[in-house]
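Participant: Under the working numbering, the sequence shown has 273 at position 273, and the numbering climbs by one with no breaks.
Keep in mind that the hints were calculated from the coordinates and are not lab data. Incorrect hints may appear among the rest.
[Stated by the list, open to error] Taking lysine-lysine pairs in the DSS-like style, the calculated list, with each CA pair at most 27 Å apart, reads:
id: 1; residue 1: 56; residue 2: 69
id: 2; residue 1: 188; residue 2: 221
id: 3; residue 1: 16; residue 2: 56
id: 4; residue 1: 110; residue 2: 69
id: 5; residue 1: 216; residue 2: 162
id: 6; residue 1: 268; residue 2: 302
id: 7; residue 1: 112; residue 2: 221
id: 8; residue 1: 95; residue 2: 26
id: 9; residue 1: 56; residue 2: 112
id: 10; residue 1: 147; residue 2: 26
id: 11; residue 1: 95; residue 2: 112
id: 12; residue 1: 16; residue 2: 140
id: 13; residue 1: 95; residue 2: 65
id: 14; residue 1: 216; residue 2: 188
id: 15; residue 1: 36; residue 2: 69
id: 16; residue 1: 36; residue 2: 112
id: 17; residue 1: 221; residue 2: 286
id: 18; residue 1: 147; residue 2: 188
id: 19; residue 1: 216; residue 2: 110
id: 20; residue 1: 56; residue 2: 162
id: 21; residue 1: 65; residue 2: 16
id: 22; residue 1: 26; residue 2: 36
id: 23; residue 1: 112; residue 2: 188
id: 24; residue 1: 162; residue 2: 36
id: 25; residue 1: 268; residue 2: 147
id: 26; residue 1: 162; residue 2: 140
id: 27; residue 1: 36; residue 2: 65
id: 28; residue 1: 112; residue 2: 65
id: 29; residue 1: 268; residue 2: 286
id: 30; residue 1: 110; residue 2: 100
id: 31; residue 1: 36; residue 2: 100
id: 32; residue 1: 95; residue 2: 69
id: 33; residue 1: 221; residue 2: 147
id: 34; residue 1: 100; residue 2: 56
id: 35; residue 1: 100; residue 2: 188
id: 36; residue 1: 110; residue 2: 36
id: 37; residue 1: 162; residue 2: 268
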Amino acid sequence: MEPIQRSLQRWMKDHKQFQQRFNQMKQDVLRDEEVKNLIASHPSLTEEAVDRQLIKFYEYQSQSKNCEKCPSRDECINILEGYTPEASVTGSELKLIYNKCYRERMREQKRKQESLINSLHMPREILEASSERLDLHDPKRSEAVEKTVHYLESITDELPSKGLYFHGPFGVGKTYFLGVIANKLSEKNISSMMIYMPEFVREMKASIKDDSMNSKVEAFKSTPVLMLDDIGAESQSAWFRDEVLGSILQYRMMERLPVFFTSNYNLKELEQIFTTTNRGDVEQVKAQRITERIRQLSEFVKVDGRNRRG
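Using the sequences and the hints given, assemble the complete structure.
Facilitator: What follows is the structure, given as structure tokens:
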């Protein structure tokens with residue numbers, strides 16, 4: 001009999017504790033201003049109806065309605081993270097509908113914008129660049145800032161046919177301008193593709209083996225905005241210069257699709273680099289053909305100032 005008595009005592013104790021917790025929950029729920037207003041505006045929510053649905057009322061009361069109880073989106077306290085409850089009453093039944101909170105909508109918008117920036121070997125810092133972090137106090141960068149802002153302000157439903165060619169010494173922040181422009185374009189739902197040129201050359205060579213080169217070249221040709229970072233730094237071959245880069249630039253020139261560039265060289269210096277291939281061949285006419293396409297596709301912007309990589 002002793003085990004049965006102990007089991008009965010434990011059951012009674014647990015039942016008492018449960019009743020206490022239930023009563024405390026009910027008091028907390030009924031003290032809530034939103035719950036009180038809900039009950040007051042719906043006479044069908046009698047005490048019996050509330051008791052019968054107390055768990056649902058508790059769910060509504062305990063959730064964050066406007067993210068006010070959540071430190072951040074990643075620390076959302078709600079049952080459905082990123083969603084807030086909206087209460088409605090049908091007859092004497094309480095119904096809860098969960099809608100996306102404003103933080104979740106912001107997160108989805110950010111992901112959508114990030115998905116519009118396709119990157120081939122570009123650092124995260126560049127992909128997260130913002131105009132707010134541009135150095136506006138260095139007079140040697142004023143032209144670059146002015147041209148960038150002017151370009152972004154000129155964007156309407158139709159993109160300008162010319163991009164910008166940022167050129168200047170190592171480490172002055174030329175690539176950062178590309179990131180700023182790409183992010184601003186994504187806010188306007190305009191897709192862009194950013195390519196680091198030395199990696200681009202290696203990518204194209206590797207693509208020959210798996211027969212993916214043509215599809216990749218087509219993607220570079222047709223993306224709404226193309227950005228070529230550090231042009232002139234890659235090991236140059238006649239094949240890449242003429243068949244890949246030349247083909248892409250020619251298509252975009254004919255279709256009036258903008259291209260942005262960064263380089264350590266001005267156009268005259270770049271032409272000299274393109275003139276001599278990695279085999280030592282000198283082909284000035286073909287080099288001029290490339291630089292002329294660049295001239296048609298972009299406006300030249302000098303970037304100077306201190307080395308920011310240090």
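Participant: Quick check: which numbered hints come out false for this structure?
Facilitator: As far as the earlier hints go, 9, 10, 11, 12, 16, 20, 21, 24 and 36 are violated by this structure, in ascending order.
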